[in-house]
Amino acid sequence: MEPSPVLKAPGLLPQRWNPAKWPWWVIVLALAGLAITWLIFTSANYNETFIYLTTGIYTTLRITLFSFVIATILGLLAGLARVSKNVFLYNISTLYVEIVRGVPLVVLLLYIAFALFPVLVEVVTGIGKWGLSLMPANSFFQGMADFTIRVIPMEGRAIIALAFGYGAYEAEVFRAGIQSIGKGQMEAAKSLGMNYFQAMRFIILPQAIRRVLPPLGNDFIACLKDSSLATVLAVPELTQLGRLRRASTFRVLEVFNMVAFLYLSMTLLLSAAVRWLEQRMKILE
Amino acid sequence: MVSEYTAKPIIIARNVHKWYGHFHALKGINMEVKRGEVIVIFGPSGSGKSTFIRTINRLEEHQEGQIIVDDIELTHDLRNIEAIRMETGMVFQQFNLFPHLTVMQNITLAPIQVRKWDRERAESIARQLLERVGIPEQADKYPGQLSGGQQQRVAIARALAMQPKIMLFDEPTSALDPEMIKEVLDVMIELAKSGMTMLVVTHEMGFAKAVADRMYFFDDGQIVESGTPNEIFSNPKEDRTKLFLSQILSH
Numbered sequence: 348m349e350p351s352p353v354l355k356a357p358g359l360l361p362q363r364w365n366p367a368k369w370p371w372w373v374i375v376l377a378l379a380g381l382a383i384t385w386l387i388f389t390s391a392n393y394n395e396t397f398i399y400l401t402t403g404i405y406t407t408l409r410i411t412l413f414s415f416v417i418a419t420i421l422g423l424l425a426g427l428a429r430v431s432k433n434v435f436l437y438n439i440s441t442l443y444v445e446i447v448r449g450v451p452l453v454v455l456l457l458y459i460a461f462a463l464f465p466v467l468v469e470v471v472t473g474i475g476k477w478g479l480s481l482m483p484a485n486s487f488f489q490g491m492a493d494f495t496i497r498v499i500p501m502e503g504r505a506i507i508a509l510a511f512g513y514g515a516y517e518a519e520v521f522r523a524g525i526q527s528i529g530k531g532q533m534e535a536a537k538s539l540g541m542n543y544f545q546a547m548r549f550i551i552l553p554q555a556i557r558r559v560l561p562p563l564g565n566d567f568i569a570c571l572k573d574s575s576l577a578t579v580l581a582v583p584e585l586t587q588l589g590r591l592r593r594a595s596t597f598r599v600l601e602v603f604n605m606v607a608f609l610y611l612s613m614t615l616l617l618s619a620a621v622r623w624l625e626q627r628m629k630i631l632e
Numbered sequence: 280m281v282s283e284y285t286a287k288p289i290i291i292a293r294n295v296h297k298w299y300g301h302f303h304a305l306k307g308i309n310m311e312v313k314r315g316e317v318i319v320i321f322g323p324s325g326s327g328k329s330t331f332i333r334t335i336n337r338l339e340e341h342q343e344g345q346i347i348v349d350d351i352e353l354t355h356d357l358r359n360i361e362a363i364r365m366e367t368g369m370v371f372q373q374f375n376l377f378p379h380l381t382v383m384q385n386i387t388l389a390p391i392q393v394r395k396w397d398r399e400r401a402e403s404i405a406r407q408l409l410e411r412v413g414i415p416e417q418a419d420k421y422p423g424q425l426s427g428g429q430q431q432r433v434a435i436a437r438a439l440a441m442q443p444k445i446m447l448f449d450e451p452t453s454a455l456d457p458e459m460i461k462e463v464l465d466v467m468i469e470l471a472k473s474g475m476t477m478l479v480v481t482h483e484m485g486f487a488k489a490v491a492d493r494m495y496f497f498d499d500g501q502i503v504e505s506g507t508p509n510e511i512f513s514n515p516k517e518d519r520t521k522l523f524l525s526q527i528l529s530h
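Chain order of the listed sequences is A and B. Taking my numbering, the leading residue of the first sequence gets 348, the next gets one more, and so forth. Taking my numbering, the leading residue of the second sequence gets 280, the next gets one more, and so forth.
The shape of chain A in the complex, shown without the other chains (with noise of 0.2 Å):
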């Protein structure tokens, strides 16, 4: 298609000019970040916290994909189950989305790491000390015998607990894709003779997954920011490596205005991939 003329030329448009229309939070923004960047380079004291933070920023990017990853998978079992005539499925993954959505985010980590791992461990120790009871010096029961909390690491504790919660939030995003694709698919693949399961695999979930890719974008980012939490659990991530910044220097400015500029960088990025993606899926369909 020819471009109009009038498009063209840019004097026509008298609304290009208009300062009410101008994006002022992206250049504040920006002013921010330039300002900061030349900080780092400029100011002994921020270049050695920006040093002194990187580490958190792998381990909080770490924390967030790890988690995010079992997280939709996660989020997709327990999203069929919530869409499934299978009385026992359908309950247990509902009572599994209700309790999380009802926990605080921060209370479930803190349960999962000091509760639930320590019971775990409990159990396995048990199985292992039975196991010896009837075959002694068995190498197998031995080892669980002799398994200790000390073993799990509290970064893997965390992931594990990020997962847990963002399963539940992301079986419900599943869900309402699922719920999304109308009754006529089902039943136009049921009339060919497909199974549930076929119908499920070939034309219900290529179609939801394209539509929830956008809200589970989102839920990435939130994720980034709710590692964070990981900072009860002592893990040194960003914000963890950040406090302990601030108690050994007291420059409380200086560290807390390099944590929340990096937590910015990434977010900011991200949802810049996300809003891409959304006016990807906006052409494909």
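In short, the hints are calculated from the structure, not lab data. Careful: at least some of the hints might be erroneous.
[Unchecked claim] Straight line, CA to CA, 27 Å or less: simulated DSS-like cross-link-like pairs of lysine-lysine: (1) Lys-530(A) with Lys-444(B); (2) Lys-420(B) with Lys-530(A); (3) Lys-420(B) with Lys-629(A); (4) Lys-516(B) with Lys-530(A).
[Unchecked claim] Coverage of chain A stretches by chain B, computed from C-beta distances (three or more under 8 Å per stretch; other residues unrestricted): (5) 525-535; (6) 548-561.
Quantities reported herein were computed from a predicted structural model and do not represent experimental measurements. We put the CB at the ideal spot given by N, CA and C, even for glycine.
Assemble the complex: chain A is given as a structure, and chain B must be docked to it using the hints.
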């Protein structure tokens, strides 16, 4: 033996009842359809005609009575239901094509996954069917790129690809613009003349006159009257039939 085979009804419905909560949607439907017959079902909306043909492939469950399709009785047994659905094609009012798949993939998916044909065989049959419904050039497009009439013809080809013994049509032209109705009806008339057993819920009386062997008039969950098109059009016995025909044929 051949005569016994052809004489035996392929669909038997005996005293079929269906309730939605307290609403009695089907009140004892009896029908027998022989191989190769073309049946037209018509009647006012809410009369149960769509519900009835949807019980034949168990998209709706009947609660009383008996439905036997090709010697298999419809019960809660999932294997029976899937066996009957493989032999029964259905065309919907809203087409229900799979929007994320191309026309070719729409047609070949079930033959490949359900009938376990290899891709080559499924695609060659799909091409023949697209030729038959008059849109061989649309194979690689997505449903959203086609007109309503073209989409419905793809839906017919998709159902035929499973090589069904029976075709069910649930108001196949009701969602179409007037200029596209004929292209779909032409395909259906050709199919009827080829000897396919068809149950068609429609108000297209021209189609009924051209190819129907028998017509059933549904009202209030019951069969009010049945007969050949000639009997129904020129000599309807029931007042309700006369009234309904006068309403839909008046313009």
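When the structure is checked against the list of hints, which entries are broken? Sort them ascending.
4
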